[in-house]
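Asker: Listed here are the chains, written in short residue letters.
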Amino acid sequence: MEKTKINITDEVAIHISEMNKWYGNFHVLRDINLEVMRGERIVVCGPSGSGKSTLIRCINRLEEHQKGRIIVDGTELTTDLKNIDKIRSEVGMVFQHFNLFPHLTTLENCTLAPIWVRETPSKEAQEIAMEMLEKVKIPEQAHKYPGQLSGGQQQRVAIARSLCMKPRIMLFDEVTSALDPEMIKEVLDTMIQLAEDGMTMICVTHEMGFARQVSDRVIFMDDGQIVEQNEPESFFNKPQSDRTKLFLSQILGH
Amino acid sequence: MSKIAFVQKNKIPPSPAPISEVGVIGWLKQNLFSSWFNTLLTLLSIYFIFIILKDFIPWAWGGHWDTKSLRECLDLNPDVACFSVLTARWKQLLFGLYPAEEYWRPTVTFILLIFSIIPILFPKYFRFFWFSIIYPGLAIWLLWGGSIWSVGIVYIGFFLGVLLFILLLRNITKNMVITGISSILFVILFFIFFSNYLVKNLDIIIPISLPPVESLKMGGFTLSLIVGITGIVASFPIGILLALGRQSNLPIIKMICVGFIEFIRGVPLITLLFVASVLLNYFLPPGTNFDIVLRVIIMVTLFSAAYMAEVIRGGLAGLPLGQHEASSSLGLTYWQSQRLVIMPQALKISIPGIVNTFIGLFKDTTLVSIISLRDPVGLASTIRADQTWNGIYWELYVAIGLMFFVVCFGMSQYSQYLERKLKTDK
Chain E
3 MEKTKINITD EVAIHISEMN KWYGNFHVLR DINLEVMRGE RIVVCGPSGS
53 GKSTLIRCIN RLEEHQKGRI IVDGTELTTD LKNIDKIRSE VGMVFQHFNL
103 FPHLTTLENC TLAPIWVRET PSKEAQEIAM EMLEKVKIPE QAHKYPGQLS
153 GGQQQRVAIA RSLCMKPRIM LFDEVTSALD PEMIKEVLDT MIQLAEDGMT
203 MICVTHEMGF ARQVSDRVIF MDDGQIVEQN EPESFFNKPQ SDRTKLFLSQ
253 ILGH
Chain B
6 MSKIAFVQKN KIPPSPAPIS EVGVIGWLKQ NLFSSWFNTL LTLLSIYFIF
56 IILKDFIPWA WGGHWDTKSL RECLDLNPDV ACFSVLTARW KQLLFGLYPA
106 EEYWRPTVTF ILLIFSIIPI LFPKYFRFFW FSIIYPGLAI WLLWGGSIWS
156 VGIVYIGFFL GVLLFILLLR NITKNMVITG ISSILFVILF FIFFSNYLVK
206 NLDIIIPISL PPVESLKMGG FTLSLIVGIT GIVASFPIGI LLALGRQSNL
256 PIIKMICVGF IEFIRGVPLI TLLFVASVLL NYFLPPGTNF DIVLRVIIMV
306 TLFSAAYMAE VIRGGLAGLP LGQHEASSSL GLTYWQSQRL VIMPQALKIS
356 IPGIVNTFIG LFKDTTLVSI ISLRDPVGLA STIRADQTWN GIYWELYVAI
406 GLMFFVVCFG MSQYSQYLER KLKTDK
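As given, the protein sequences belong to chains E and B, one line each in that order. Numbering of the first sequence is given in our numbering, commencing with residue 3 and proceeding in unit increments. Numbering of the second sequence is given in our numbering, commencing with residue 6 and proceeding in unit increments.
The set of hints was computed from the structure by calculation and includes no laboratory data. Just so you know, not all the hints are guaranteed correct.
Claimed, not checked - Quick look at which bits of chain E chain B covers, simulated, 3 or more residues with Cβ under 8 Å: (1) 114-122; (2) 163-174.
As the list claims (entries may be wrong) - Chain B is nowhere near these chain E residues, computed Cβ spacing over 10 Å in every case: (3) Glu78; (4) Ile130; (5) Ala144; (6) Met185; (7) Glu235; (8) Lys247.
Glycine included, C-beta positions come from ideal geometry on N, C-alpha and C.
Can you make the complete structure from the sequences, with help from the hints?
Answerer: Structure, rendered in structure tokens:
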């Protein structure tokens with residue numbers, strides 16, 4: 003369980019300051035300040051509706067923020083479509099419900115974006131895709147369609163699909179929440195392996211074991227605010243805020 | 006007290022199902038005679054089919070094919086069909102008033118049609134798409150005649166436009182909008198200033214032409230196919246754009262699309278056809294002679310495009326939001342994600358509805374008989390107005406129905422094939 007911290011550099015990967023977001027009149031994110039270093043692995047947790055998914059969806063502009071700044075890899079997210087496309091092609095995202103393209107094979111899912119966005123020649127894109135599929139340990143499923151795979155396999159393909167874009171940052175949005183218990187491990191193992199490779203990761207998850215084992219920092223959110231953040235050891239053993247204590251007692255209590 | 010603990014020690018091997026549940030007997034039992042009520046329904050159905058065929062088969066089988074008039078048929082045997090009307094008039098049903106010595110032209114056009122459709126229907130096995138591209142021009146030239154260059158010039162213009170687009174993109178600027186607009190501008194200027202001059206000179210250098218045939222001569226099943234197929238091909242992309250426009254975040258585009266769709270769907274096709282045949286002349290500058298077949302095609306196309314848009318919107322609505330999010334998160338642009346991710350799935354979901362609209366459009370082409378174009382149904386009235394065949398109904402309409410049935414059934418079968426082929430979840 004010894005984890006390495008040598009990966010963290012002092013280069014800023016994501017810089018968020020005074021960021022606010024509203025859905026109509028509902029204030030979802032309130033004064034978010036967050037700085038993520040390159041190589042850092044962050045776990046975001048909190049009760050449902052606390053805004054944690056919205057937070058990471060703002061980072062690649064699936065959601066628009068109304069106030070404050072988000073700077074990803076030195077590029078600020080504004081309404082400029084060019085910046086948005088640039089950031090999206092460098093930030094990978096994996097979703098709770100996989101969102102694989104059901105009309106394409108596993109391999110085609112992985113080569114689509116490299117071919118059209120990066121303009122990689124199709125042969126090279128296929129080689130990269132096979133390499134990534136091997137990394138998530140399902141190269142033998144390359145020519146099957148997503149509908150023919152199990153949930154765990156689909157999620158691993160989704161991870162491979164993101165990796166094919168050679169992202170510098172990966173966002174994971176509750177990627178194990180829709181999986182059967184026996185499949186959670188295979189997906190977590192893939193994420194652990196990624197973390198060990200030094201990928202900058204932000205994971206919204208309820209897997210506290212994963213948070214302990216892999217993360218450099220755990221962030222607890224409630225009511226659209228970052229309530230507490232700390233190194234996992236201290237976060238789990240010595241939570242400061244009452245809301246954190248309550249949350250931890252609820253999810254670790256049984 | 007019974008014991009709760011239990012451990013199964015023997016594994017039971019799978020055994021074949023009882024004879025009465027599989028094979029022909031099993032099928033009959035399951036599907037036709039599963040209860041006394043189903044048995045009753047089965048027997049009733051068989052009886053109904055029997056009484057219909059009992060009269061129809063002798064009527065059709067014994068029909069006359071070579072009498073000179075309906076009178077002659079009735080004298081021979083009044084109880085059987087008089088197909089002689091088809092023997093006498095089949096050319097008219099197929100070609101309308103097209104000049105008889107030029108019948109080869111529509112015939113060749115429709116043989117070539119098959120070749121142009123095959124690579125689109127079965128892209129995996131036949132790869133001569135170039136023919137599908139030149140076919141429309143070829144068909145127009147063959148059917149309407151005139152100089153080949155008046156059609157060829159359109160191809161030349163677009164070819165030069167595409168060439169310019171590629172050259173600009175490669176050598177001058179990567180900006181798609183600038184290159185696109187300048188190429189389109191070039192094509193427009195080309196058609197305004199050079200095309201007449203070019204056509205004249207090309208005509209002198211290489212004169213290839215066919216005797217012209219005017220639109221009012223088009224008729225019969227030829228006309229149905231011209232209007233139907235052009236309408237199908239043109240309404241499909243327009244329908245896709247309308248569906249996307251209706252979902253757009255840009256309020257003005259959305260308003261235009263919604264307005265168009267709701268207006269067109271709210272008006273009967275016949276009204277639109279009347280507008281095309283009569284009213285349009287009042288709005289166009291005097292002296293413009295806007296081809297009647299073209300006017301009808303435009304109206305039919307707009308009409309089914311509106312329906313198509315709604316069918317495709319249904320497909321779009323059936324897609325989970327996650328598909329948009331996943332393609333955005335990978336960095337695909339709006340148009341890329343529409344073309345590569347969203348549309349292939351939305352269209353697949355909408356195949357039954359799309360084909361339904363196509364079939365509807367094709368059959369609706371018979372409405373042009375109301376604005377006195379001579380499609381098969383219009384011709385049937387003309388033929389019945391003739392003394393020789395006055396009073397004939399069944400034989401003509403059965404034949405016309407059969408022609409439409411063959412085409413529509415073909416479309417339906419193809420759509421089912423496509424659905425099976427695109428099934429990826431098993």
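Asker: For every hint, state whether the structure bears it out.
Answerer: Each hint tested on the structure:
no.	hint	verdict
1	114-122	holds (count 4)
2	163-174	holds (count 3)
3	Glu78	17 Å, holds
4	Ile130	14 Å, holds
5	Ala144	15 Å, holds
6	Met185	19 Å, holds
7	Glu235	32 Å, holds
8	Lys247	34 Å, holds
In terms of the numbered hints stated before, the structure departs from none.
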